[in-house]
Every structure is written in structure tokens, then in C-alpha cells.
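Participant: Spelled out from the first residue to the last, the chains are:
Number of protein chains: 6
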Amino acid sequence: MSTVPLLSDDAADPRVRAVFDDIRASRGTDYVNRFWRALATDPALLETTWAEVKRVMGQSSALDGLTKELIYIAVSVANGCGYCVHSHTASARARGMSDAQYADLLAVVALAARTNHLATALQVPVDPAFDATRA
Amino acid sequence: MSTVPLLSDDAADPRVRAVFDDIRASRGTDYVNRFWRALATDPALLETTWAEVKRVMGQSSALDGLTKELIYIAVSVANGCGYCVHSHTASARARGMSDAQYADLLAVVALAARTNHLATALQVPVDPAFDATRA
Amino acid sequence: MSTVPLLSDDAADPRVRAVFDDIRASRGTDYVNRFWRALATDPALLETTWAEVKRVMGQSSALDGLTKELIYIAVSVANGCGYCVHSHTASARARGMSDAQYADLLAVVALAARTNHLATALQVPVDPAFDATRA
Amino acid sequence: MSTVPLLSDDAADPRVRAVFDDIRASRGTDYVNRFWRALATDPALLETTWAEVKRVMGQSSALDGLTKELIYIAVSVANGCGYCVHSHTASARARGMSDAQYADLLAVVALAARTNHLATALQVPVDPAFDATRA
Amino acid sequence: MSTVPLLSDDAADPRVRAVFDDIRASRGTDYVNRFWRALATDPALLETTWAEVKRVMGQSSALDGLTKELIYIAVSVANGCGYCVHSHTASARARGMSDAQYADLLAVVALAARTNHLATALQVPVDPAFDATRA
Amino acid sequence: MSTVPLLSDDAADPRVRAVFDDIRASRGTDYVNRFWRALATDPALLETTWAEVKRVMGQSSALDGLTKELIYIAVSVANGCGYCVHSHTASARARGMSDAQYADLLAVVALAARTNHLATALQVPVDPAFDATRA
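Top to bottom, those sequences are chains B, U, W, C, G and F.
If you're matching positions, the first sequence starts at 0 in numbering that gives the first Met the number 0 and goes up one per residue.
If you're matching positions, the second sequence starts at 0 in numbering that gives the first Met the number 0 and goes up one per residue.
If you're matching positions, the third sequence starts at 0 in numbering that gives the first Met the number 0 and goes up one per residue.
If you're matching positions, the fourth sequence starts at 0 in numbering that gives the first Met the number 0 and goes up one per residue.
If you're matching positions, the fifth sequence starts at 0 in numbering that gives the first Met the number 0 and goes up one per residue.
If you're matching positions, the sixth sequence starts at 0 in numbering that gives the first Met the number 0 and goes up one per residue.
Rather than coming from a laboratory, the hints here were simulated on the basis of the structure.
Every value quoted in this text rests on a predicted model; they were computed, and no experiment measured them.
Incorrect hints may have been included.
[Stated by the list, open to error] Result set (PhoX-like, lysine-lysine): computed pairs, CA atoms no more than 25 Å apart in a straight line:
id: 1; chain 1: F; residue 1: 53; chain 2: W; residue 2: 53
id: 2; chain 1: U; residue 1: 53; chain 2: G; residue 2: 53
id: 3; chain 1: B; residue 1: 53; chain 2: C; residue 2: 53
Let's have the full structure, built from the sequences with the hints guiding it.
Facilitator: Structure below.
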């Protein structure tokens, strides 16, 4: 159960309906997933969040679409968001993620988690050599 | 300050020295960064951690080296490990990360953090459509 | 399923029963939610935790009750505690949280998550101007 | 040290300079804090982030400005962002946060952290009574 | 539902089957829990992860087996991993954890969460007295 | 720098002074570390937090003092609290933690972090076998 009702198309007001329609058109599918139906509890939040997702993930940019999905999964795992892990793993597969690439993703996430905890446990001070701002 | 002394080459025993030498050889540099000098407090932990880093990050695999560094940074940011953010941002740059790619990474990490928190706040249940295990 | 049985009133010993009764009296309801029934696995932990909740959340203080619930939800979201998100969103509504206030809460939580991750990714050093301890 | 140089006014291009000027005008101060000077590494990210901060935090809305700052601090603490804790504690004071209100904030954050960890340790299932979507 | 199918014994290739058999032999049980059946999506990741679990948790070392399980639970709670909380609470009980020890664990985890958040909120600088590296 | 001044003995009012004196007496040292001097910004919060630390960590209970410190460190690492990592690593050493025990702690924390992230990435559903509440 969610903390708000999931808005159906019939119950959606025109602002919400416009976003749902744009999600469908952008993705070439009739399906609007539950995150958007929950977020529709506030039309302004729905609009700004969808606009940001479309701008960052949907447009061609310096990183290809699959790489961006892998980064999205990595953050979602570390933040413990089960919903996001599921939705973006599905998106990555839809963008062509192979089993071998997924295995690589898991291996890097697991390794980073391990060294993150070790560096924090040891409180290692940052090496001056990493300073990007030195002349 | 760290919770353990940072081991110098002179103070390192042969097992530790062998790892330090392998780090230098693998990276083509004389510099051994502080994470390894702190981890050397336990030679077994140093050996298994370095072996895992070398295996996951150093070998050619389904994802290219730069993509793996971007995923590493993403996890490190979400886990709040300042040391790891610095060291892997430096590694990504050494592997050719452009300013535009870095800007893309920041945009995806920021967006994921935002939707992670929204999905958790709304407690959105996972859509059956995301089930990878359905026939 | 939980890691311990949820204690029913019938199975509760007098110390536990006294806390359950105080929860009922303080809230003006017969319902004791599952968190307390699980925590009752250790009567001392139940007593100290309920005493703290009652002291911090139940008493009139410098912040009003609704504001304290909003802060509680915010921490629970960032810590990824689904149970706490649900129970305190319900509490906030019981204290009069409007849909517009909830939308505001979501917007601030999402924004903070975004800038938290950006500041950590960029490792921005704290401005001396923020030093509250300067003369 | 940060992962990118902090951009001075002299080095800023017109897009960045426009944001810096709007920060100054909106806040009625000459000071532009380091977060924005680091974020300026990507003008688009600077523009969208500042626009969001201004929209969410700067406009009058269902929650007053101080309450929004308290929520911002709470998320930043739970996410472990030292920079954000400092900058938003300073903002809350600038918006009139009293010592008693700050003590209340600390007490609620500490209590939420405690019960978040207990509910997660006990894996308490959500009570149906919390379901906001029931008829 | 998981993001990958849970591999049955019948579907397992020889490398995976060898790990499943070693799990059974090491634990003296026929049951292979779902974590390993999911991880089997990548035989190499399954092998390295099981080898590490066996090496760290299964061997006699400076800390006894129960203490290591308690530490494992503590990390899993703070990282919000429900699966791990359940599996390692069960392991701790199998290694003899009493109700009183479990209550102690919960009390320490709750206290640490509370002071972690307070120290982060207050941004307390580390005392030089804690420096382990001073002469 | 902290978000509040660190209270000196001279500036402390009688309630704060009483806690500082009890810290000294309980620990058999003249040193009061900075966490308490910052927390003293609110005497009530100082009193309840110190009382809880003394009750949970200072009294003999089902787990010995060193084990409790190891659990405290583990939570503090996963929550990313540098101050707490330092102070409780120092406490664990003061209670006799050997280098081998510290190495074990690091190994378990690193392993737990790794499997926590893997279980979250794979979204493994909890095995019914772990249900402690079954008859």
C-alpha cells in the first residue's frame, strides 16, 4: 500500500492527464507505472519530476542511455529504494542491458560498498594527489 | 587522521610490500594512495581487497573501465564516502571522463536521489509489470 | 513477518501491559500498533522508547506537533524505514496535515536529497561564513 | 578540497553570472556560497538546481519558510551531508530559528533515527490501519 | 519478486551446483536460501561471494561466530537491508543468541543511531585525543 | 567547526556541569569529549542522551562491553558518522580490542556491506524459513 491513492486515468485532472499522455508518447507504451500515479497527488510535483526525468534520461547527451540507467540503479541500490531498483533494472533491460553487463554492474556495486565501508571505518584522509583544483 | 597509522614502505612487511608493488605495477605509477596504507593494518584484508579491485576494475569485461568508474562514484556518493568520491573521480578522469560526461553523471545521481526519496516517501508498491521472473 | 512475535494483550506481562495501556490512554484509542507489539520483546526497551516518544512528541514544546511529525517523516524517508514512513504520515494526517502541506513536504525532501547528493559528489568544503561559533 | 574548481565571478560565463546575480538579488546579500561556485562546473545543472531551490524554498507556500528549513536539515542529517547541515542550519537561524526550536529539532531527529533503526531491526510489517487508500 | 529468477538445483550448471553443494555441506542442512539462488545469475559472483562469506564467517578467528553475526545484523539494519536482517538474525539465533543478548543488540543499535544523527547534526569535530596515530 | 559552540566548564550551568562531572567520574578521566560539549547546547538533550549511554554501554548486561563497542562502531560506519567511528574505535581499544579483533570487525563490516548491496540490488524476497514467528 502507498501513502496516497494511485490515480487512475479517469480520476486525473487535465494537468495530470497531460503528463500521463506524455509519458505514454515518450515511451511508446500505454502503461503508466505506479510511481507517476502516486506522484500525481500533487500535479506540480508530477510535472517538474517528469520534466526532469525526460530531460536527463530521455535526451541524447554525453553518456548513452544505458550507462545512465546503470548509474541510476547504482544510486537506487545504495539508497535502498526497492521500487527504483525494480523500475530502473527493467528500464536498463529495455535499453539492451545484457546478462554480462548486469553481472558487471552487481560486481562494481558490491565492491564499492565494501571499500566505502572500509574507508569510512578507517577514516582515511583524502590524498592531496586527488586534488583536481591544484594548478 | 585515520584510526590506524598509514604504513610506509619501510615499515611494510613482505606480504604488504608485495601488494604495494603490485599496485604500482598495475597502475604504472610510484604512488600508493592512503587507502591501501591504512588497510595494510591487516595484510589479509589488504590482499583480498586489492585482489577484488584488480579483478573487478582492472580486467576487461562487459562494461568498459570508465563506465565502471562512474558506477563506483555513484555508489560512493550515495553511501557518503568522501574519500571514495575523491579517489574514483580522479580515476574516472584518468580514464578519460570528459567534463560533459561528469556533468551527466552529476545530473543522473541528483535525479535518482530525488526519485528514490519520493518513491520511499510515497511507499509505492512495485508494479507487476517489472517482474523479470514472469514467464 | 517480523523477527519476533507481535505480543498480544493476553500474552503481555504487567510491565508491557502498563505501556500498552498508557499508549491507549495517551492517544485516546484502543489500537496499539505493531511497532510496540514487536518492541515488547524486551520490556525495558519498550518502556524507555515509549517514554522518549511521549516526552518528545507528546508534550507541547517550541515546535508544534505537526511540525515535529513532518521532521519525523523526513528522517524516516532518508533512512528508508517504510514502517516509520507509514506510521508517521498517518500521525501527521491525524494532526491535521493538509494535502498542500504534504505536497510541500515531498518537494522539500526531494530537493534536499538532490542537493545532498550533489554537495557530496562535489565534496564542497564548508564556507567559513556558516560558522556559528565565530565571535 | 572539492572535485572541481570553485568558480570566481571573474571566471564565470554569462549564464553562470546570471545565476550568481539572481542568488545575490534573491537573498539580499553579496555572498554566493561555495555550493553554487562548485555546481557552476555545469551551467545547466546550476540553472536547474537554483531554479528548484528558489521555487521550493523561496516562495510562500503551505508550509512556512522556517519549517521547510527544518525539514531540509533533517534530511541532510540522515543523508550525512555535512555541507548541507551547515548551510541549512545557518539558513534556519537566518529565518529566526530559536535555540529552543533547534533543541526540539535535534530531539525529534534523534528519536526518529532510534525508532527507524528499531523498526528495521525488528522488520515490523505495516499495520493495515495506516492504509490511507482504504475506503 | 526479485530482479532475476531464483535458480533451482535442476537448472543450475555445474559451477553453481558445486557452490550450492558446498553451502549445504558447510551448514549441515539441505536448505539453500534465496540469496544464493538469486546470486547464481552470475556464477563468478556467486563463487567469490560465497568464498568470502565462508572465509570471514565460517572460520574460527579473533572474534567468535556469534559476535560476528551481531556485527553483521548491525550493519544490515543501518543499511536498511530487510533480507539480510532476517537471514542474519536467524543465523545469530542458530549460533545461540539469547533473548537477552538480542535485546542488548537492539539497545546498542538504537543508541548508536541516535548519537550518530546527533553528532552529524552538530557537526562535532573529532577530538585530537582520539588520534590513534599520535606518538 | 560545529553548528553550536563547544561549552567549556566555566560556561556550563549547574545541570550541564553535573553531567560533565558524572562523565568524568564514570570514566575515571578528566577529559570530556567534544560531543558532550556540543550537546550541552540543550541541557535536557545532554541529560537524556548521557543517561542512555551510561545505561546501555556502562552497565554489565548480556553482552560484554567490548562486543557492544564493536556493534556501535559497525552502526556508525554504516551511518557514515566519522566522529562516532573515531570515538568508539578509541573506546573499543580502551576496552581491550586487539589488532586481530579490529581486523575481524573490518572484515565483517566490509562483507555485510557487500551482501547488503547485492541483496538490495537483486531484491531477494525473504525466505519463509527465516520466520521466527512460525509455530
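Participant: Compare the structure with each hint and give your call.
Facilitator: Quick rundown of the hints versus the structure:
no. : hint         : in the structure
1   : 53/F to 53/W : 21 Å, holds
2   : 53/U to 53/G : 21 Å, holds
3   : 53/B to 53/C : 21 Å, holds
Hint compliance for this structure: every hint is met.
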